[in-house]
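Put together the whole structure using the sequences plus the hints.
Chains as they are written, first to last, in my numbering: chain U, 173 to 393; chain G, 173 to 393; chain X, 173 to 393; chain S, 173 to 393; chain D, 173 to 393; chain A, 173 to 393.
Since the hints were made in silico from the structure, they are not lab data. Fair warning: there could be bad hints in the mix.
Identical copies look the same in the list; a pair holds intra-copy or inter-copy alike.
Derived PhoX-like pairs: lysine-lysine, alpha-carbon spacing no greater than 25 Å straight-line [what the hints assert, rightly or not]:
#	residue 1	residue 2
1	K383	K371
2	K312	K218
3	K371	K358
4	K383	K358
5	K312	K371
6	K304	K371
7	K378	K304
8	K375	K358
9	K358	K378
10	K383	K312
11	K358	K308
12	K371	K218
13	K378	K308
Take a look at the letters that make up each chain.
Protein chains: 6
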Amino acid sequence: MASNVILLITLALSNFICISFAFDPRPLQDFCVADPPGNTTCKDPKAVTANDFSLSCLNRPTDPFNAYGITAVLDAAATVPGFNTLGLAFARLEYAPSGYVPPHIHPRSTEVIYVLEGAIEVGFVTTYPEYKYYSKVLNKGDLFIIPVGLLHSQRNVARTNSVTAAASNTQTPAFIFMPDSVFAAKPDINSHYLAGAFKLDEKTVKDLQTKSWYNRSAKTM
Amino acid sequence: MASNVILLITLALSNFICISFAFDPRPLQDFCVADPPGNTTCKDPKAVTANDFSLSCLNRPTDPFNAYGITAVLDAAATVPGFNTLGLAFARLEYAPSGYVPPHIHPRSTEVIYVLEGAIEVGFVTTYPEYKYYSKVLNKGDLFIIPVGLLHSQRNVARTNSVTAAASNTQTPAFIFMPDSVFAAKPDINSHYLAGAFKLDEKTVKDLQTKSWYNRSAKTM
Amino acid sequence: MASNVILLITLALSNFICISFAFDPRPLQDFCVADPPGNTTCKDPKAVTANDFSLSCLNRPTDPFNAYGITAVLDAAATVPGFNTLGLAFARLEYAPSGYVPPHIHPRSTEVIYVLEGAIEVGFVTTYPEYKYYSKVLNKGDLFIIPVGLLHSQRNVARTNSVTAAASNTQTPAFIFMPDSVFAAKPDINSHYLAGAFKLDEKTVKDLQTKSWYNRSAKTM
Amino acid sequence: MASNVILLITLALSNFICISFAFDPRPLQDFCVADPPGNTTCKDPKAVTANDFSLSCLNRPTDPFNAYGITAVLDAAATVPGFNTLGLAFARLEYAPSGYVPPHIHPRSTEVIYVLEGAIEVGFVTTYPEYKYYSKVLNKGDLFIIPVGLLHSQRNVARTNSVTAAASNTQTPAFIFMPDSVFAAKPDINSHYLAGAFKLDEKTVKDLQTKSWYNRSAKTM
Amino acid sequence: MASNVILLITLALSNFICISFAFDPRPLQDFCVADPPGNTTCKDPKAVTANDFSLSCLNRPTDPFNAYGITAVLDAAATVPGFNTLGLAFARLEYAPSGYVPPHIHPRSTEVIYVLEGAIEVGFVTTYPEYKYYSKVLNKGDLFIIPVGLLHSQRNVARTNSVTAAASNTQTPAFIFMPDSVFAAKPDINSHYLAGAFKLDEKTVKDLQTKSWYNRSAKTM
Amino acid sequence: MASNVILLITLALSNFICISFAFDPRPLQDFCVADPPGNTTCKDPKAVTANDFSLSCLNRPTDPFNAYGITAVLDAAATVPGFNTLGLAFARLEYAPSGYVPPHIHPRSTEVIYVLEGAIEVGFVTTYPEYKYYSKVLNKGDLFIIPVGLLHSQRNVARTNSVTAAASNTQTPAFIFMPDSVFAAKPDINSHYLAGAFKLDEKTVKDLQTKSWYNRSAKTM
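Rendered as C-alpha cells:
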C-alpha cells in the first residue's frame with residue numbers, strides 16, 4: 173500500500189507545489205524561520221521562539237585553529253534558523269599570530285570587516301579597468317568594506333591573536349577560495365590546461381592537486 | 173502505519189521541496205493562484221476560473237464600524253487568491269463621521285489613497301533629515317500617495333461617512349499600528365523602558381498595556 | 173567662450189555623473205519628488221510640499237470622450253511628481269455607453285480594476301499552456317486583477333456611462349495597444365509580412381496602416 | 173484509509189510548505205536543477221551531472237518547418253533542467269526562404285538575436301512617446317537587441333534558409349504572438365468588440381477566430 | 173553671461189541626465205565611491221584609495237552620551253563613501269548603565285546585533301497574526317537578528333556600559349523612532365486625533381508635542 | 173571666470189542630480205541608449221536609430237589571436253550602446269587549435285555557451301557542499317550553461333579553430349581571471365601570504381607576479 177501512498181504524494185506534489193517565483197520580491201510575512209535549520213521552508217510561527225533568532229557565545233569558538241591559523245563561527249540560516257530569508261549573515265573570526273584566510277570571492281555578497289582585537293591586513297582586487305589591489309592595515313576599532321564579488325585577502329599582522337566580526341548582505345554569500353577551488357576541485361581539472369593558465373609546469377600542478385587545502389566545512393557557509 | 177506514511181512524506185518533502193530562490197526575480201508563469209487562499213503554492217491552472225481574480229461588492233461591507241469608526245474590505249491574496257505573487261493589494265475603507273485609522277506604517281509598500289465619498293485628512297512623517305509632517309485634506313475625487321515605509325495618518329473630516337479606495341504595491345504590505353504594536357504587544361514590553369521612551373509615568377504605560385486597541389483581524393492583511 | 177563652458181560641463185559630467193546601478197535596490201531616501209515632473213531627478217526636499225503628493229478632481233475629467241468613448245485621468249510621476257520612484261500609478265477611466273479600451277498589454281505592471289459606476293466586462297489572455305481567455309462582467313463595487321504582461325480587454329456593458337479606478341504596481345507600466353502598435357507604427361511594418369501574420373490581404377493591411385488609432389497621448393503614460 | 177493519508181499529507185503541506193518569498197533576491201545555492209524538468213524544485217545535488225546543464229545538436233532540429241516556415245529548438249529549464257532559476261534561455265531558429273515569426277512580445281525578457289546563416293529583417297515598436305518602428309536587415313555575423321516587453325518582428329529576407337541564435341535574460345520569457353493571442357484565445361473574445369478595436373467588420377473577425385494560428389507548442393517556452 | 177551658462181547647463185542636463193532605472197538590478201562596475209560623501213554619484217576610480225573603504229577608531233566615539241545614555245558611530249555611505257551602492261551599513265553603539273534606544277523601525281533593512289561588552293535586552297514585535305513580542309537578554313558574545321521592518325527595542329541591562337556592533341543590509345536603513353516621529357513631527361499632527369489613537373487625554377498629547385525627543389542627527393543615518 | 177562657471181555647475185549638480193535609487197526596479201522607459209557608449213545616461217530618443225541596437229560582422233574579428241589563442245568580439249553597452257540597462261551581453265569567441273580561456277568567474281552573471289564550430293571542453297566548479305567539477309566536451313551545435321558566480325574553464329579540444337557564441341544575463345558581467353587577478357594585481361599582493369595560500373615557494377610567486385597574463389582589454393567587458 174505504501175506505493176499507493178507515494179503515488180498520492182507525488183500527485184499532490186506535482187499539482188500543488190509548482191512554486192511560483194513572484195513578480196514582487198518583497199516578503200510575504202514577518203519572518204520565515206528555517207525548519208529544519210538549513211532548509212528554506214517556514215517553521216509554524218506558533219512554535220517560533222526568541223531563541224530562533226539568537227546565537228550565544230560566538231566569542232568562545234569551540235573549534236581549534238585550522239591549518240591556516242583560523243577559527244570561525246558563522247551565523248546564518250544554517251546555524252540560526254531565524255536568519256532564513258532575511259538577507260544577512262554574520263561571522264566572528266579569530267586568527268592565530270600568523271593566521272590568514274586565502275584569497276577568496278563571495279560572488280553573492282558585499283562584506284564589512286570590523287577588527288575587535290589585534291591588527292589585520294585586508295585588501296581586494298578590482299576587475300576593471302585594471303587589476304588594482306586596494307589594501308589597508310586595520311587596527312582594533314577599524315572597519316573595511318569589500319565590494320560584492322571581488323577577490324579579497326585577509327591576514328593577521330599582529331604578534332598576538334586577532335579577532336574580527338564580519339557581516340554579509342545575503343544569507344549564503346558563497347565562498348570561492350583561491351587556489352582551493354582550482355586545485356581541490358574533483359574530478360581534477362585538466363592539469364595541462366591549468367599549467368598553461370597558471371604558468372607553472374604540469375608536474376607542479378599535479379602535485380598541488382593532491383594537497384589538502386583550506387578547511388571548507390559547513391560552518392563556512 | 174500512519175507514522176510510516178508521515179515518514180515517507182517527510183522524505184519526499186526533503187527531496188523535492190528544497191525550493192531555490194532564483195537569481196532571476198521574474199515570474200515563471202502567467203499567474204499563481206493561491207491554493208488554498210492565503211497559501212503561496214499554485215492552483216492547478218486547469219482549475220482556475222475568472223472568479224479567482226475577482227471580488228464582488230466591496231461597496232457593501234458586511235462588518236459594522238469598529239471602535240475607531242472604520243469598516244474595511246481588503247483585497248489581497250488572502251481574500252482573492254489570484255492576487256498571489258502579483259505585487260498588488262487593494263482596499264475600500266468607510267469612515268464614520270468621527271472615524272479614523274491610528275498612525276501606522278506599511279514597511280513593505282507604497283500606498284495611494286483615492287477619496288470616493290466625503291473628505292479625509294491624510295498625512296505622513298519623513299525620517300530624514302527631520303520629522304516633517306506632510307498632510308492635506310482630500311475631498312471626493314482627490315488622491316494622495318504615501319511613500320513606502322513612512323508613518324501616516326488618516327481621519328474623516330466630513331460630517332458624513334467618507335469612503336476611500338487604496339492600493340498598495342505588494343501583496344502583504346504589513347500593518348504596524350501605533351501605538352498598538354507598542355502597547356498591545358504580548359508579552360508586555362518592559363513598562364519602565366516604555367515610560368522612559370514615551371515620557372509618560374510607568375503607571376500610565378501599564379494602564380495602556382491593558383487596553384483594547386485597533387481591531388487588526390486577518391482582513392487587515 | 174561658450175564652447176569652453178560646454179567643455180567644462182562635459183568634463184564635469186563624465187567625471188561626476190557615471191551613475192551606478194546599485195547592488196541594493198532599496199531607496200536611499202524617503203521620497204524623490206520628480207523635478208521637473210516627468211524627470212527622474214529629485215527636487216530639493218526643502219521645496220517639497222504636500223501638494224507634490226496629491227492630485228485633485230480626478231472625478232471631473234477635463235478631456236471629452238475620445239473616438240473610443242473613453243476619457244482618462246492618469247496619476248503617475250508625469251502628473252503627480254511625488255509618485256516618482258515609488259512604484260505605483262493610478263487612473264480613473266470613464267466609459268461612454270459603448271466605450272471600450274482596445275486590447276492592450278502593460279509589459280511592466282500588474283493592474284487592478286475597481287468599478288465605481290456602471291458595469292464593465294474585463295478579461296485577459298494567458299500565454300501558456302494555451303491562449304485562454306478569462307473574462308468577467310464587473311458591476312459597481314466589483315474588482316478584478318490583470319496579471320503582469322498579459323493582453324487584456326475592457327468594455328462598457330452598461331447602458332449608461334461607467335467609471336473605473338485602476339492601480340498599477342509601477343510608475344510607468346507602458347501601454348502596448350493592439351492593433352495600434354502593429355498598424356500605427358511608423359515607418360510602416362512590411363505590409364506583406366503583416367498580411368501573412370494576420371491572415372488578411374495586403375490591401376486591407378495597407379488600409380489599416382492609414383487609419384487613426386486609439387488616442388495615446390502623454391496622459392496615457 | 174486513503175483519505176486519512178491525504179489528510180495527513182495536507183496537514184504536512186500546510187505546516188512545511190508555506191514557502192516564503194525572501195527579502196533577499198540572491199540565490200541560496202550554486203544551482204537548482206529542475207526535477208522533474210519543467211518543475212521549479214531542486215534535484216538532489218548528488219544526482220546532478222554535467223548533462224543536466226547541456227543540450228546537444230541544436231543545429232539539427234527534428235521538427236519540420238511549421239506553416240510559417242520556422243523550426244525552432246528552445247533551451248530553457250523545460251528542456252535543459254540546469255537552466256532552472258539561472259535567468260537565461262537560448263534558442264536556435266531556422267527560417268525557410270519565406271519564413272517569418274509573427275509580431276510578438278516577451279513581457280518578461282530582453283532578447284538578443286545573432287544571425288548564423290542567411291539574412292533576417294528584425295524590428296521593434298516603441299510605446300512612448302510614439303509608435304516608432306526600429307528595423308534593420310541583419311546578415312550573417314550581425315546582431316540586434318530587442319528591449320524588454322516591446323512588440324517585435326522577424327522575417328527571412330534571404331533566398332535561402334536563414335538561421336539565428338537568440339538569448340533571453342529570463343528562464344521563461346513568455347510569448348504573446350500577435351494576432352494569435354487576440355484571435356486564437358478561447359473562449360472567443362467578443363467579436364463586436366474586436367471588430368471595433370481592429371477596424372474590421374465583425375464577419376472578418378469571426379472568420380479569423382476560426383483559423384489555425386502560429387504553432388505555439390511547449391517547445392516555444 | 174552667467175545666465176547663458178546656466179541655460180547651457182540646463183540643456184545639457186535635460187539631454188544627458190535622464191537617468192534610466194534599469195531592467196537589470198546588478199551593478200555596472202566594481203564600486204561607486206560616493207562623491208562627495210552622501211551623494212550617489214561616483215568618484216573617478218583613479219582618485220579612489222583604500223581609505224575610501226575604511227573608517228578608523230569606531231571604538232573611541234567622540235560624542236558624549238545623549239539624554240538616552242547612548243553614543244553611536246554609524247558607518248554608511250554618509251561617513252565612508254565606499255559604502256555607496258553596496259547594500260550594507262554598520263554601527264557601534266555604546267550604552268550607559270541605564271541607556272536605551274527607544275522603540276524604532278527600519279523599514280528598509282534587517283539588522284543583526286552583536287554584543288561586544290555588557291548585556292543588552294533586545295526584542296521585536298510581529299505584525300501578523302498577532303502583536304507578539306520576541307525578546308531576549310544578550311550577553312557578551314551573543315547575537316540577535318531583527319527581521320526587516322519590525323518595531324524593536326534595545327536597552328542596557330548591565331550595571332556597566334554595554335557595547336554592541338550592528339549591521340544592516342542596506343545603505344540607508346531609515347530610522348523611525350517611536351514615539352518621536354509621532355510627537356516630534358512638525359507641524360504637529362492633530363492632537364485630538366493623537367489623543368484618540370493613543371488613548372491619552374489631549375492635554376497630555378500637547379505636552380508630549382513640546383518635549384525634546386531622541387537625538388536623531390545625521391549620524392543616525 | 174571659469175571658476176564661477178564651475179561653481180555654478182557644482183551648485184546645479186547638487187540640486188538636480190541627487191539621483192534616487194527607486195523602490196521599483198522596473199524600467200521607466202522603453203530603452204536607454206548609452207550616450208556616449210560606455211556611459212549610463214540616455215541618448216535623446218529622437219537621435220536614436222536602429223544602428224544603436226546592432227553590431228555587424230562579429231564573425232570577422234579584427235584582432236589577432238592573443239597569447240592564449242583567443243580572439244573575442246564582445247557586445248555589450250560599451251560597444252553597442254542600445255544594450256545599456258537591458259540586462260544582456262553577447263560575445264563571439266574564436267579559439268586557435270590549442271587556445272583556451274584561463275579559469276575565471278563572472279560574479280554578476282550566468283553564461284550560456286553555444287558551439288558554432290569545432291569542439292570545446294567547458295566546466296565549472298561548485299562552492300558547496302564540495303568543490304565538484306562539472307565538465308563536458310561540446311561539439312558543434314551543443315550548448316552548456318555556467319551558473320552565476322562559479323569558477324569555470326573553457327579550452328579548444330578540436331584540431332582546428334573552434335568558435336563559440338556566449339550570452340550573459342547582465343550588461344557588465346565582470347571578469348575575474350584566475351590566476352591573473354591574484355598575480356597581476358598591482359600593487360603586488362604580499363608574496364609571503366600568496367606563497368602560503370598557493371603552497372608555492374615565495375620565489376615562484378614573485379616570479380609569477382612579473383609575468384604578462386591574459387589580455388584583459390576594454391573589449392573583455
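Next on the checklist: For a quick check of understanding: which of the numbered hints are violated here, in increasing order?
Outcome noted: Hints 2, 5, 10 and 12 are the ones this structure does not satisfy, whereas the remaining hints hold.
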